[in-house]
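The residues making up each chain are set out below.
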Amino acid sequence: MRLVAFALLAALPAFAQDIPESARGTFAAPDCRTATTAVHITARSIVRMSMEGEQRLFRAAQLRSAGDWTLAVDGGDNAHRVLLRGSGEAIEIAVPDPKTRDDRLPGNVTPERLQRCTEAPVLVSLHAEGFAFLHALETMEPACESGEAMACLRGFFNYADITGDGKLSPAEIARALRGATWAVQMAEGADGGTLAAGYAGSALIGIAVAQILVQAYDYDLSGSLSLEELTRDRMPVALMPPTRAVSAAPLPLDALANQLGGLKEALERLPALMR
Amino acid sequence: MKHILAALLIVFTALPAAAQPARPPARQAPERELTIQNESGRTIVELYASSTNDSNWGPDRLGNNTLPAGRSHRVRFGRTADCTFDVRVVYEDGGEEEARNHDACRQRQLAFDGSQATGGRQAGEEHSFTLSNQHSRTVFQVFVGAAGSDEWGEDLLGADTLTAGGTAQITFRGACEVKLRIVFDNDAAEERPGIDVCERQTVTVGPGWTTVEDLASFGGGSGSGVAPGGAAAASGGFTLVNRSGKGILILYVFPDGASDNGPDRLGSDIVSDGSRFQVRLNRGDHCRYTVRVVYEGADPDEERSGIDLCSVTELVIAQGWTDAPLTGMGRIRNSGSLPIVELYADPPGSPRGADRLGSATIAVGESMDLSPPVDGQCRYQVTGVFRDGREAGIEADLCAGQEVVLQ
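As you go down the protein sequences, you meet chains A and B in turn.
Sequence positions in the first sequence follow our numbering and run 6 to 280.
Sequence positions in the second sequence follow our numbering and run 86 to 492.
In isolation and in its complexed conformation, chain B is listed as follows (with noise of 0.2 Å):
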């Protein structure tokens, strides 16, 4: 009865309005949407996506389609304010994945690795291994595919990136013989073939390691055995900063889409306004975690997902903190009037590498928030092509936590 009277209150208090001076015209709820990327190696023959609110999936959205293995489907769930949403997945074997409570608002990607599937037959065996980057650039994709087949499967980084030094944990399905594709953030790619990942639980990649007759010794190319700034990559931290006029009772800090927030980061200690305190983690090969903050009192909770803990050092805690661009990236926003398709970002004067938004768009009128690529490197050509194929540049510090408008 409530909403009965508040629809009823809405549309009588609305109709003498033509009578009154014109004003903007209120913003509806922004379109919500999702993309899914099946990154499984098996085909998704059911999907189901609903509200985290809701209780009920709804009905398949594939419905007589299916989406095949390095293929991704939209999820449109209209105009809502609702931001997290539960995705199922049932795979062609029977096996079943689900993601819950993803923020949609910040992450318009959902990818299913299939890593997490329950029931069904299993398609090969799972095998995972430790790559070692030892060259001087960011590894954007790796390929892992069957010894003695043309294909190679999908991007088992997703949306994370290796960077120079740093090492990732690479997992697939299949037989202990591969062959291995990196793509570099320039284009460029490397691929060897007869690699037995059974053999070694580490495939470190550099300079000449194409070419070297024991991959199983190769350190690296260049003489170093092990890898420089690895141990420090996959561990890592970051500083919390308190500057939010309160104090911080509890800390976590998850992996995005972990299902439990894990422990108090902060153990007995509280964060009061104005100081800041060392939060050690342990990263493994997670980029993108979520930052749970509890306060003193009876101020609610606020989150923050999708923040690159690979590349922020610093998080500050202040007003408005969970939508504000971080320190150590870039929002970029578009201003234009169709959507953004293509986003590249390079140190200036460099030749054009990878589209920065790969299977994304950036809609009129929304932003993204962007690591800097390279390590060590903050001043970036940061252009973005609108749909129409016209293209607006401007050179930007990827570093500072700005907002870097294209129109």
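So that you can see chain A by itself, here it is in the shape it has in the complex (with noise of 0.2 Å):
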């Protein structure tokens, strides 16, 4: 689970200011009804949702002004711009020329208006279970941002521990992985066919990594599966409790990334599981 707690964290940026809160929200076009276009905005994302055509998380690695838009980049090589304005009841979106200079914006865009949503479209309930790690993720972030490890997996095994009992159930934990596949999915860019594949494919391999992860780490024989037994041995040593005294190393992040690159891959593999 630490794996999955840290997949999407690896390709995070160190720093990132929010999304302003009047540009978040969910919004939907031509009108929330008959939604065929929707978008949803959270602090640091930005997920589009089509009935037809690509779906995609934008995660915005940094946000800053161009002129009376709010300018989000995500962390890739391509380092792609999205151009957002909002007001109460509307929001505009624009993705800029990709050859349009960042001092020259917001250039020869074409807007695209989309109308608050109080109630969640249809086509954005399909999504729901990947709205709801999108949100857990945001908010571990800050601790995981700073290297607190344990607190990040902490965040983590709350968001997971639906039932609060302090025990995550394979149920539990094949519903952390279908929607870490569906992030990890949308922020490719996925089309309708593709995500639905992954979705149906995570639902399949998620529920036999989860029944493995638990039979590998149960150590008192429950049927699911503590923090404690998560970590037992497996925490870098300068996170266990003192024992005597150790010269205190910080997590080595970049081996964190590791861990998750691995599982992206895996990730990754699902869909093709269900070809």
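No wet-lab data here; the hints were simulated from the structure.
Only a predicted model underlies this, so the values are computations on that prediction, with no experimental measurement involved.
Cβ coordinates follow ideal geometry from the N, Cα and C atoms, glycine included.
Hints are not guaranteed to be accurate.
[To be verified] Derived Cβ-Cβ restraints for the label pairs, each shown as a range: (1) A:GLU57 <-> B:GLY279: 40 to 50 Å; (2) B:PRO433 <-> A:ALA205: 52 to 62 Å; (3) A:ARG109 <-> B:GLN286: 37 to 47 Å; (4) B:ALA383 <-> A:MET155: 51 to 61 Å.
Now that you have both chains on their own, put them together as the hints suggest.
Now the structure itself:
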């Protein structure tokens, strides 16, 4: 599970301010009831959904002003950009031409205007489990970014533990894996078919992985995993309860990134299993 | 089941890694994307793109949108090791056009000009003429507009250029009488209206062509009725040098995107290691070629696309040749922290010319091959403009097959 928790964090920026609250929420076009396009905006993410065409999760690594727009830039090699301009009732979104220099934004863009929704359109509700994962991710980011691995892991554990009993059942682990798969796929852009295949794949494989995880680390044979069981013998020395003086080294985040690269690769294979 | 085991293996072998010394993170597969340019003169209403390995086209990438003539649309494939993709477009008149096996790792732009479209109603009759450039400068863009119209349509040269003394085949749809506009490498432009392309197969541009009374008898403005170098430019060829350590059994050389490999250029010959072979080629108006090499024995075939055979005169087949910078070209690498959005390469001391990237950009860590823009000129002042407006420049030899790092 630690892998899942860190899988998305590996690609996160060291620091990112938040998207203004006025621009957050769920928006749809042409209207909320008959939405064919919808956008869900959180503090650091923009999720674009469409009845046809590509679905995509955009993670803002940097945010700044560009005139009366908020400019969000992701952390990828192409540094993709999205412009946002929100009011209470609607939001305008535009994707600048990749050739347009930052100092010439917004440039010649055609903004898309979407209406704020108070109730989730059907289109959006299909992504609800993914949104839960995204919400958890953003909630625990401050601890994870500051290198507090245990706090970071606990935040993720709390997200996964939907019954609140302090244990993760195979079903809870599988749900977290589905959420992680959604996020990985959406971050790379996916059409509806690919997303559905990935979801079905992660549903099947997720439960298998979850059961194996439980069997591997369920030391008290309770049928579920506690935070202690998950971390036993596996946390870096510096984060173990001090038994005697040790030279404390910071958590090797790049090693964690290695782990997560592995999980991401595993998750990427899930849709292929369904073909 | 094999995949399931592999996935589980990855998860569980990764688990103890936190207790191990830090290692650099594994490099992820790069983001693949392709910019589709509509150079057809018609609106594209549907766009499908998928990996060549995928038997399904997937959904319409345009969704509810359309792609008007002259505009481009970026298709993202996410992080994938796949390089080759198939793309299909549907025009507003119902015509369809496909590009198969496009190598998005080498060529991140793909233009549809409607010339290969099947079905649908045709927007005007197709016309074709040879454009001969008798100017001393390279022509970067060619536009054809309908007589009496204020519009020019799309650049009919696309990614190609028309060097001094060279010829290019220009194809468009519309009426016989047109106006012609050419744009040079220094951004200067010349226009002439009232050209009947149904009457003549060749249109020669050169000093004075815009004002000469009889364009049909115009030979280039300097008294030469024959395009100097024109025949050689259109035929040409290159020397293949085999330093691969093995014999080359079969050699295919064909325009990028061609539906078949064409003939074996070696005929009954075999190019042994260390020997050279003169490849004869009737280039026509193509510059970008794919070279596929089939070796003796069980070694896998190797292929490289996007080779500018208008510039490359010698192609060395050696280990890593499919990725290495080619002699006769320079490789521009972005080692900065932001994408490069403009790239200029001009002879030292010359004013800044056109942006060599066109509508493309160079992502962080990526590179692109650049042919010397001016024939016979190797030294260039290469300047990259990063997206924050910062510039990085260096003087470099673009003929030497060297990497030019901008950071």
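Hint check:
1. At roughly 46 Å, the beta carbons of A:GLU57 and B:GLY279 sit within the given window of 40 to 50 Å.
2. Remark: the range hint 52 to 62 Å for B:PRO433 to A:ALA205 is upheld by a beta-carbon distance near 60 Å.
3. As the Cβ distance of A:ARG109 to B:GLN286 is approximately 44 Å, the hint placing it in 37 to 47 Å holds.
4. Checked against the given bound of 51 to 61 Å, the beta carbons of B:ALA383 and A:MET155, roughly 54 Å apart, stay inside it.
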